[in-house]
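Novice: If you want the building blocks of each chain, they are given just below.
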Amino acid sequence: MKTVIVARPGDGNFVSRFFYGVKSLLTGMRVTFRYLVHPSTVVTQQYPENRKTLKLAERVRAQLSFTFDENGFHKCTACHICEQQCPNASIHVMDRKPAGSTKSELDTFIWRLDSCTFCNLCVMVCPFQVLKMNSNFESSVYDQKLLVYNLTPYAGPASSVLMKVADVEERKKLIDARGPYDGPTALSGFPLAGISKQVFPETTQIGAPQ
Amino acid sequence: MSVSSVSQDIASHLGSAPEISAAYFVAGLLGTVTFLTVMALILIYAERKVAAHFQCRLGPMRVGWHGLLQSVADALKLILKEDIVPYSADKFLHALAPVFAVVAMLLSLIAIPTSSRLALSDSNIGVLYISAVSGLGVLGILLGGWSSNNKWSLLGAMRAGAQIISYELSATLSVLVVIMLSGSLKLSAIIHSQEAGWWIWRAPGVGLLAFLLFIVSSTAEINRTPFDLAEGESELTAGFHTEYSGMRFAFFFLAEYLNLFVVSALGATLFLGGWMPFHIGNFSGFNAAMDLIPEFIWFMGKTAFLIFLSMWFRWTFPRLRVDQLMKLEWKVLMPIGFINLLLAAMMTLFGFYFFATT
Ligand code: SF4
Ligand code: SF4
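Chains A and B supply the protein sequences, listed in that same order.
By the count of numbering that gives the first Met the number 0, the first sequence reaches residue 209 at its end, each step adding exactly one.
By the count of numbering that gives the first Met the number 0, the second sequence reaches residue 357 at its end, each step adding exactly one.
Just so you know, these hints were derived from the structure itself, not from any lab.
Possibly wrong hints are sitting among the right ones.
[Stated by the list, open to error] Straight-line distance between alpha carbons at most 27 Å, and here's what the computed BS3-like set of lysine-lysine pairs gives:
| # | chain 1 | residue 1 | chain 2 | residue 2 |
| --- | --- | --- | --- | --- |
| 1 | A | K171 | A | K74 |
| 2 | A | K163 | A | K131 |
| 3 | A | K22 | B | K330 |
| 4 | B | K76 | A | K22 |
| 5 | A | K102 | A | K163 |
| 6 | B | K76 | B | K90 |
[Unchecked claim] Derived coverage of chain B by chain A (criterion: at least 3 residues anywhere in the stretch with Cβ under 8 Å from a Cβ of chain A; other residues may be distant):
| # | stretch |
| --- | --- |
| 7 | 54-61 |
| 8 | 313-321 |
[Unchecked claim] Listed below are several chain A residues computed to face chain B (Cβ distance under 8 Å; list not exhaustive):
| # | residue |
| --- | --- |
| 9 | L24 |
| 10 | G27 |
| 11 | M28 |
| 12 | F32 |
| 13 | L35 |
| 14 | V42 |
| 15 | Q45 |
| 16 | N49 |
| 17 | T52 |
| 18 | L53 |
Idealized CB from N, CA, C, for every residue including glycine.
Kindly generate the complete structure, drawing on both the sequences and the hints.
Specialist: Structure (structure tokens):
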């Protein structure tokens with residue numbers, strides 16, 4: 000590693016400090032001039048127009064989402080770890096036990112965008128790396144109820160269990176489709192802390208998560 | 000500026016019937032005001048764009064092509080905005096302060112020649128006059144800070160007062176060098192004395208040093224970063240114009256940007272030959288080629304270069320502390336200025352500069 004020895008402005012006599020100061024100012028001017036003459040250094044994104052080509056950093060935490068394997072199955076085992084450590088109780092993992100089985104599997108995964116602080120804890124603790132934060136930041140909706148929704152598109156066991164079933168048709172029987180507002184969400188009339196029970200007839204699913 | 004001087008010419012041809020002179024006076028006034036307003040709008044736009052690119056941003060992009068009409072929109076907003084006067088402010092002085100700022104700037108602008116034929120007033124004490132009336136601007140700042148009845152405003156105004164008066168000294172010391180070398184206070188004579196070469200390089204070392212001194216101290220005089228202690232957003236909200244809004248704020252803003260123009264124009268006139276094309280001694284072929292570019296363009300180009308330099312400083316350097324500011328002036332710039340003046344005096348005496356005529 001390169002070690003940079005920085006002379007402090009207090010070092011040396013008056014004349015050397017003077018020239019040190021001048022030199023540092025010139026260095027600064029060189030840096031800013033380089034930015035001026037290199038338009039490629041501009042980081043501004045003209046947002047609404049460049050929606051298609053928007054470049055967002057990996058670290059952006061805009062919405063919580065599931066990750067899926069190449070067959071479109073998730074690895075969630077409904078272990079509830081993410082639910083337990085969420086500091087804001089923003090996650091509700093609903094599990095179910097299929098008839099004739101002793102093992103629980105995921106039914107719906109309710110996430111409350113309205114109370115989440117995007118601390119990323121749930122993403123970090125999940126033992127199967129199911130959760131991730133995506134960069135889909137256009138979250139505004141006309142009703143708070145639309146901000147509580149289900150992340151999984153189907154109810155059923157984790158992909159490891161599903162893949163043990165060789166027959167594709169058999170596999171399909173094990174899972175049931177789930178919509179974004181299925182399960183105990185505010186939109187399906189479930190009482191949730193902080194959300195008014197009043198029903199707005201004009202509530203539509205504008206801005207529903209994809 | 001140009002319109003009014005042309006109108007003066009016409010007026011002198013038509014005789015001096017009072018109605019005609021009055022009409023031309025009004026026309027000249029309107030022309031000048033329009034020129035200055037457009038100038039200020041362009042400067043504000045340029046400043047925002049340059050600042051943005053210095054900081055890896057784009058700057059105004061929405062109003063007009065690449066935000067060209069942004070400063071027009073801003074000006075309209077400021078004109079239409081409510082003009083709030085604090086309840087316990089000194090109403091009369093509060094209204095007077097921005098006028099002082101603008102008038103001081105306008106007065107100093109009068110004396111600057113923009114080409115060999117276009118000059119509003121080519122007085123034989125031009126340099127003295129400019130340094131006198133530009134000192135009036137500080138009165139506007141002091142009045143504004145005092146009359147607002149607000150601690151931040153007062154602090155900002157006091158800082159501005161101390162700063163402008165201090166830096167006036169080294170600005171004048173550096174200007175004196177050029178006056179001594181050219182032997183005149185008349186701006187057009189100073190420009191003509193640079194026919195063979197600009198003072199910045201014709202007087203070896205001394206000219207450049209005087210130029211640098213002038214740049215530093217004039218940046219301080221017009222309260223621009225790194226010497227913007229009078230406004231110092233992070234310390235004083237907005238300094239002396241904290242309590243100003245709407246039109247009156249626009250006046251301060253206008254004065255600030257036109258001051259930048261005046262100072263740069265003066266620097267270009269004194270050190271870079273004003274409207275004089277770039278000439279080198281007796282290389283007549285080269286000089287003739289340079290003469291093809293109109294004088295006004297030369298003047299504007301040099302001024303624009305100095306303005307750009309000032310913007311470059313503003314968006315690169317950090318702000319000084321109050322004590323550092325005073326130290327820089329009284330312990331660094333002033334002694335250097337005096338030594339430089341002494342050297343210049345000796346140079347003038349012995350004709351020890353390039354293309355000396357005596
Ligand atoms: S990011 Fe934090 S607050 Fe949001 S759901 Fe995950 S654990 Fe809860
Ligand atoms: S998302 Fe991860 S932590 Fe949460 S229930 Fe599923 S497997 Fe467990």
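Novice: So, for every hint listed, does it hold in this structure?
Specialist: Going through the hints against the structure:
no., hint, result
1, K171/A / K74/A, "holds, 16 Å"
2, K163/A / K131/A, "holds, 25 Å"
3, K22/A / K330/B, "holds, 19 Å"
4, K76/B / K22/A, "violated, 42 Å"
5, K102/A / K163/A, "holds, 15 Å"
6, K76/B / K90/B, "holds, 23 Å"
7, 54-61, "holds (count 5)"
8, 313-321, "holds (count 3)"
9, L24, "holds, 6 Å"
10, G27, "holds, 5 Å"
11, M28, "holds, 5 Å"
12, F32, "holds, 7 Å"
13, L35, "holds, 5 Å"
14, V42, "holds, 5 Å"
15, Q45, "holds, 6 Å"
16, N49, "violated, 12 Å"
17, T52, "violated, 15 Å"
18, L53, "violated, 15 Å"
Hints 4, 16, 17 and 18 from the earlier list are contradicted by this structure; the remaining hints agree with it.
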